[in-house]
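A.B. asks: Residue-level listing of the chains:
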Amino acid sequence: MNVLSPLVARFRSVAVLLLVVITSMAASSPAAAQQLTGPDLFPQSTAICLEVTDPPALLASLVQHPLVDQLQGIEGIRKALSGPEIQPLLTGRNFFQLQMGMPWLEALQAISAQGLWIAVDSRDQSAALLIHGRDEQLMQDVRLKLLELTRLTPGGNGKLDTYRDIPVYRLPQGGAAVVGQWLLVVNKNEAGRRLLDRLLDLQSADDQSLSALPAWQQARAARQPQSAAWLWAGMQAIRETAGHRAVFRNQAENPAVELLFGGLQTVLNRTDWLQAELQVADSSLRLALTAPFSADWMPETRQWYFGPEAAGQVPAVPQVAGLLGSVGMYRNVSEMWQRAGDLFDADINDRMAEAESNLGTIFGGRDFGDEVLGAFGPQLLLVAARQDFSSVQTVPAIRLPAFAVVLQLKDAETMRPELRRAFQSAIGFFNITGIQEGRPQLDMDMQKSADTELIISRYLPPRKPGTGEAPPVPLIYNFSPTAAFRKDQFVLASTEQLAAEILQAPRQAPVAANMAMHVQADIAGQLVADNQQSLVSQNMLTKGQTREEAEAEVAVLQQLISLMRGMTFQLRPDPAAKQLQLELDLQLTPASQPNGVTEESGRGN
Amino acid sequence: MATELTAPELWQPFEPGVDGQWDLVAAAHLFRRAGFGATRQQLEAAVRKSPLQVIDELLDGQEPPEYRSEMQTLATAAISGGSVAPLSAWWVYRILSTPLQLLEKTVVFWHGHFATGADKVTDPQLMLTQNQLLRRLAFADFHELVQQISKDPAMLLYLDSASNRKAHPNENFARELMELFCLGEGQYTEQDIRELARCFTGWEVRRGEFRFNRFQHDTGQRSFLGATGVLSGEEAVQVVLRQPQTAEFIVGKLLRYFLMDEPAGQAELVAPLAQQFRDGGLQIRPLLRTMLGSRLFFSRQCVGRKLKSPVELTLGLLRCLEGSTNAVELAQALQQLGQGLLYPPSVKGWDGGRTWINSSTLLGRSNLMRRLITSETTRFGRLSLRDFLSARGLQKPEDMLSELQLLLFAVPIPVTARESIVALMKSGSDAAVAEGLHALCTLPEFQLC
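As given, the protein sequences belong to chains W and D, one line each in that order.
In terms of our numbering, the first sequence opens at residue 1 and continues consecutively.
In terms of our numbering, the second sequence opens at residue 1 and continues consecutively.
Because the hints were derived from the structure by calculation, they are not lab data.
Glycine included, C-beta positions come from ideal geometry on N, C-alpha and C.
Don't take every hint at face value.
[As the list claims (entries may be wrong)] Calculated Cβ distances over 10 Å to all of chain D for the following chain W residues: (1) S45; (2) L475; (3) Q533; (4) S534; (5) S537.
[To be verified] Across the chosen pairs, the derived CB separations fall in these ranges: (6) D:D387 <-> W:A555: 24 to 30 Å; (7) W:M444 <-> D:T228: 37 to 43 Å; (8) W:K79 <-> D:Q147: 36 to 42 Å; (9) W:L89 <-> D:D119: 24 to 30 Å; (10) W:N431 <-> D:R194: 35 to 41 Å; (11) W:Q226 <-> D:S375: 56 to 62 Å; (12) W:I476 <-> D:D387: 50 to 56 Å.
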């Protein structure tokens, strides 16, 4: 077993490429170019530019990150790292250290001491890598020692050449060169010539530089100082090159994509630039994407996405026990449904019309888009929680989390009876098809208190077999579909327990976001533990492993989950600041407190 | 040797040194037929014993309790999702890992004989229950096997006999009991079917279990196959089993399954063994012992005279080379090749023999073997194929080929094919060795066992 095999294979090819790249360096030393940065050298036709201003710090923070120690503490990963597949990489690393006369990390830090940039030019889709080394002498040493290795490598298809007296290493596609403290690698010859010319001729940034572009300067101003890596995308150049792609069209692939990303599609079509930042801390990894934004950009057909003045906010999440995660968003789904003709193609519209016709039957002939969806407020919430089977006799063999949709009713008095009837009709219909397919029947119940009402359906328990062993309890016993009401709140849940809890649970502090997702890692770990037997069996059947091997793999999965506390994703439009931000935040477990699979933070069994 | 012997003499026990050599090649033949194939280690252990000792171990061996428990746990997990497909994968895994190959091979036989398809019986628990029944009684008393399969819910559902009422007796099960399960075609009349069906009235399946509904049972007198009386379903099964053709029918099918696809002079060959089967009270175990330990079994009439089924083709390769793979994908692939475990094509099961091979399936078999050999999840002794062979001291392509000939082939690999495959494997890389094995698997000789 080697859980790292695919990574190793990929990493190996990257290592070989780097080796060839560094080996291909030849030297020259114009002093002027040393004062420049990558964006001064890249042209204004650059579509994407990735910048790592301080690679030594980034390398150190990655290599010395507590997560690395924690990962190496996992037995399965430790075994994989000492396996035969990793050996070529270790051999390569040792050879590199020997040649450089210093530890590999130190060598890499020295080689990239003054920055690293990668850029893609929209004119010819060429890619360039620029690395600014510590000093010229070091780059010379690197060149000489590793060039020797290149000569020892048989079958190479590169050749040494010169360009304006600069030795260059040419490959069939692109090539590489060293100019003073700079290492340049390109995938197209013409792009290489352009960059070499600028490296040799330029004294300081000029009006042809990417750094002189207003869209770049605006993005640069928005950059956070603690960013370890920063990516800029010139959207105008990208649209000119890739405007035909689906992401830039005004029609979505399907309603789910439109619901999640429709508004962002508009932003992509309007914004001049995007920037993404990576921030690395001991307790988190954060990726933030920022773009200029204006509420006025939203056409009438997509006003439903961000809401009036782009001020729509997600609902607060109920603090139910065993909360696995939630997805909240502000979306006027009714309006989206009614604007389907503008948003989707004919095929999707036909299918939506068919769905509307069928759903209209369940909702007593009401217009689904206008009267049913229109009866709900625009704040949507999907909640998932680990189930508590401790008080249940029929425990399914595979334990799924419960989930629920939480909505707000605009007119609770009118809609309550309508939704109650619709739910009862749906269960009745489900029971009829269930008889035909041999499924157990759902039994209905109702619970009312002062301000809550639950319409519950439960599967009749399976009959005990007359002879032989009891069969495993099927998957469907994870469900007891329930509709619940409290004041103007409507909950449609997969279990009665979750529905009841959502009605009663206090709400978490509201989040100022248009869309927010959160996953709780300790509960995910408990779910894996709940289903360990099933996962092990699945692993044995799909990988042909023995039980011991399968258990080891599942244990690695559990341990990996235990290294995380959770993950959040938020979409935050800020019309006042004329900015939109997408943020993905991975919270890590502090090294001293491995998360483990505990019962305290979730439901008990 | 064997062709000059009379039929009774052919069923005499094989005597090593007299009837032929008991060596690695003979042992490999035994394991290919009385299972799916053996590793070199198993072959070397086998030749230190007598053939009958090995056969007795195959017939009388017990799966270790921990293995049985493991398989039960795995089966429970496989059916917990409510679908039969994972159960098919479970059976593939079981065949690959069982220490009792002959048992699984015989269960596959009975599954084809008492064919029940999961495309119709979609409840995985019922399919598992039937599979366990076949395994429990695979070597037992044929009477008991037929009696129990007659009340098996999956079987009754498959034959539309889940509700058999006296006003409308369902003739389907009665017909198949005689035609497919016990007697064969032409051994009964339409009147026999009608009368026999009346005996099974009141037999029902309710909530996944067999139930006898006495209010729907026809209590009138009936007459079929020479028997007359107010016969219950169980008594009716006994009447069918008492027919002398039963032994001939079952022995003939077992002969074609274990020994040869197209036996010359089948009636003559079958007669002495059928007599033994009848005299022994239709006990399956001694019948198999005689067949597998016979002169005929080890003779040229038998060796290399069967076409491998898709199950034998794929699982045989893996078993011989200590292979493991993605059982889910393999189960699906077997279904595409026409031998999906738990998915027989019809109530008649698989015809076997030449029907496994046609222009379409030949290409399908080749493609499947390539996918199997090159799959990332396929390992041999937990290693890559090349490392597996290297670990056994096989570095040169010629040596590898000799080992694969012994383990995988019932007949010699032609010299020209041998040379071209050695050339294919010459670089000794993982890919070259895998390519060489795939080339071997596409040879006509590899299709035989």
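A.B. asks: Could you run down the list of hints and mark each one as holding or not?
C.D. replies: These are the hints, each one checked on the structure:
{"no.": "1", "hint": "S45", "result": "holds (42 Å)"}
{"no.": "2", "hint": "L475", "result": "violated (5 Å)"}
{"no.": "3", "hint": "Q533", "result": "violated (6 Å)"}
{"no.": "4", "hint": "S534", "result": "violated (5 Å)"}
{"no.": "5", "hint": "S537", "result": "violated (3 Å)"}
{"no.": "6", "hint": "D:D387 <-> W:A555: 24 to 30 Å", "result": "holds (26 Å)"}
{"no.": "7", "hint": "W:M444 <-> D:T228: 37 to 43 Å", "result": "violated (55 Å)"}
{"no.": "8", "hint": "W:K79 <-> D:Q147: 36 to 42 Å", "result": "violated (53 Å)"}
{"no.": "9", "hint": "W:L89 <-> D:D119: 24 to 30 Å", "result": "violated (49 Å)"}
{"no.": "10", "hint": "W:N431 <-> D:R194: 35 to 41 Å", "result": "holds (39 Å)"}
{"no.": "11", "hint": "W:Q226 <-> D:S375: 56 to 62 Å", "result": "violated (46 Å)"}
{"no.": "12", "hint": "W:I476 <-> D:D387: 50 to 56 Å", "result": "violated (46 Å)"}
Of the numbered hints given earlier, the model fails hints 2, 3, 4, 5, 7, 8, 9, 11, 12; all others are met.
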